[in-house]
Amino acid sequence: MADNSTRPGFATGGSDSAFRVTVNNTGSAVVVLPSGEIDLNASPVLRQELKRVQTARPERLIVDLSGVPYMDSSGVATLVEAMQIARKNSTRLVLCGMQDKVRSIFEIARLDTVFTIAPDSQAAMTV
Amino acid sequence: MADNSTRPGFATGGSDSAFRVTVNNTGSAVVVLPSGEIDLNASPVLRQELKRVQTARPERLIVDLSGVPYMDSSGVATLVEAMQIARKNSTRLVLCGMQDKVRSIFEIARLDTVFTIAPDSQAAMTV
Amino acid sequence: MGDNVRNPGSCASAVDPPQIRLQLMSNPLYLSGARELVSAVAKRLGFADEACGKIALAVDEALCNVIRHGYGRDPNRPIWVSIWPVHECGCGGPDVHPGALKIVIEDEARQVDPSVIRSRDLEEIRPGGLGVHIIRAVMDEVKYEKRDNVGMRLTMIKRRREEADNDQAEGDRKESEGG
Amino acid sequence: MGDNVRNPGSCASAVDPPQIRLQLMSNPLYLSGARELVSAVAKRLGFADEACGKIALAVDEALCNVIRHGYGRDPNRPIWVSIWPVHECGCGGPDVHPGALKIVIEDEARQVDPSVIRSRDLEEIRPGGLGVHIIRAVMDEVKYEKRDNVGMRLTMIKRRREEADNDQAEGDRKESEGG
Ligand SMILES: Nc1ncnc2c1ncn2[C@@H]1O[C@H](COP(=O)(O)OP(=O)(O)O)[C@@H](O)[C@H]1O
Ligand SMILES: Nc1ncnc2c1ncn2[C@@H]1O[C@H](COP(=O)(O)OP(=O)(O)O)[C@@H](O)[C@H]1O
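Protein chains in written order, with my numbering: chain A, 1 to 127; chain B, 1001 to 1127; chain C, 2001 to 2179; chain D, 3001 to 3179.
Because the hints were derived from the structure by calculation, they are not lab data.
Check each hint, because a few of them may be wrong.
What the hints assert, rightly or not - Here are a few chain D residues that face chain B, going by a calculated C-beta distance under 7 Å: (1) 3031; (2) 3053; (3) 3061; (4) 3112; (5) 3128; (6) 3130; (7) 3131.
Said to hold, decoys possible - Cut-off 20 Å, straight-line C-alpha distance, at most; resulting in silico cross-link-like pairs (SDA-like, lysine to any residue): (8) B:1051 to D:3126; (9) C:2146 to C:2118; (10) A:88 to C:2049; (11) A:88 to C:2124; (12) A:101 to C:2161; (13) B:1088 to D:3078; (14) B:1088 to D:3146; (15) A:101 to C:2146; (16) A:101 to C:2124; (17) A:51 to C:2125; (18) A:51 to C:2127; (19) D:3146 to D:3125; (20) C:2102 to D:3076; (21) B:1051 to D:3078; (22) C:2102 to D:3113.
These figures come from a predicted structure and were not determined experimentally.
Think of the CB as a built atom: it goes at the ideal place given N, C-alpha and C, for glycine as much as any other residue.
Only chain A is shown next, with the shape it has when bound in the complex (with noise of 0.2 Å):
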């Protein structure tokens, strides 16, 4: 029960503003929390991270996207795809904590009703 692993990101880790991707597992959730800026950069450290927690199929993945101050489509592919996964094991998927301008790009992409969105990481273990 005990996955609690933080991952630098290969490419900033050393620095104190390094992409990060924090993994907590509840037992009723795994909430994935990335930090930092989630760009063409970072999108395959979080890729990495959410496959990897993926393949033991749990019931409930929140992405808690509050220390993300920026997204880009590549970010954006990653979700989707992990969307997908969630979908093939019957994952629920919920995203949480989205800063103004990573819910913007949702909306640009006309994601923002096609994923499970809540508030915060509370509200995203019973939605």
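On the provided structure of chain A, position chains B, C and D with the ligands as indicated by the hints.
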């Protein structure tokens, strides 16, 4: 007594992140509150405002830097010039609210002991 | 649609050198630097914060596409980002808030017909195919073309709206797409 | 003193093109863009936040000096900022955290003898004369020189310190100055 004005920086007005200088005359002190980065682009605006308020030879002049995330040597030079005018006028000049980056440049310039520096505008009223 | 980049006036004509020109290697490491540069320049030229963020996003997406499709992820090929303030009327130099920003992205990558650079149908939910959609949704004018000898050129224009820069519905206003 | 910029290794030699090259007009409007670019690139190359801020400050000061002293405040002359990651040993490309960052600033301004570019005595409290002091305090190696035909070149190197990037006393460690 009611000198409570905001002057938008000539270079960045119009954006919500323009460099601005707000002046507050409390009676016992004139408080100058620049907000935005003070570099070679913005320092002429600050310089002009400081000169303007100093013509009235106030007893106490507080420059509240809490809204200034960055300053280069043109900003430092502007404050040194204000200090020289203040000395001539017997004005007590106090800097306050310095963020870490701004404090760092005062230290590099070894001016951290030359200026009277208070933690916040409250303390700057009495120091 | 998207091909109607009008002549943006004398101070941003092809003859004038850009005010800013960034050459970067095609490495995703440098995307954040390009974004921060473009965003900060737009801010100083009077664009509202939200517009600056969107301009930076469009540049990011365009650079990603050059890196992935143009150079096939080779991280050591050059890309150029050039920036001109565009003044509607009698210019006035860069200090006056320009009516628009023109950004040109050029590469030495393989040349493709501009018509193949198009976003896919958004109805189909799958990874990929979003970059060009985002660029067209966020910028006011977008034009892809082949450069004279080698590589592609993407010209983007973003107009500045005064004060109440209310462009939250931009993604919706632009329905039509495709090269 | 200050002239001891050693050869920074094969991957940052004068032959290799820089990973990043910014050309900007000599307008103070663009200083923030240059700072944000340099700071973001340094961050991605593994420099700690505080070091990134100081590198950006040094670049800002150097650009201010070119604008004021080199070009006499003409806002329409070119300045180039080039960035190379410097790998101590067998290179490894830009992805691996480099041991240092080399930044070169070039102009087409009037040439001055490098020895006149020196900071004044800090004891004398007056405006001005701080820029060169800051550049030397903040960077590890600093060298001014005349370019071959026209203009000046400033070469600066900042070394990366691991994790506990404790450089708060840097201003004090560098006592000696002057070209
Ligand atoms: N700079 C470019 N050079 C060559 N082809 C490009 C370029 N940009 C986009 N394309 C083409 O346009 C298509 C759509 O691009 P995009 O919307 O970014 O989605 P994706 O890159 O995920 O496929 C790409 O698949 C590619 O065929
Ligand atoms: N890029 C440059 N070109 C020509 N002279 C320069 C340049 N940079 C600095 N200098 C010279 O070095 C002196 C010190 O510069 P600096 O420490 O920045 O203080 P200030 O610019 O306030 O005089 C300047 O007065 C100028 O004579």
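Exercise. Any hints this thing doesn't respect? Which numbers, in order?
Worked result: 4, 10, 13, 14, 15, 16, 19, 21 and 22
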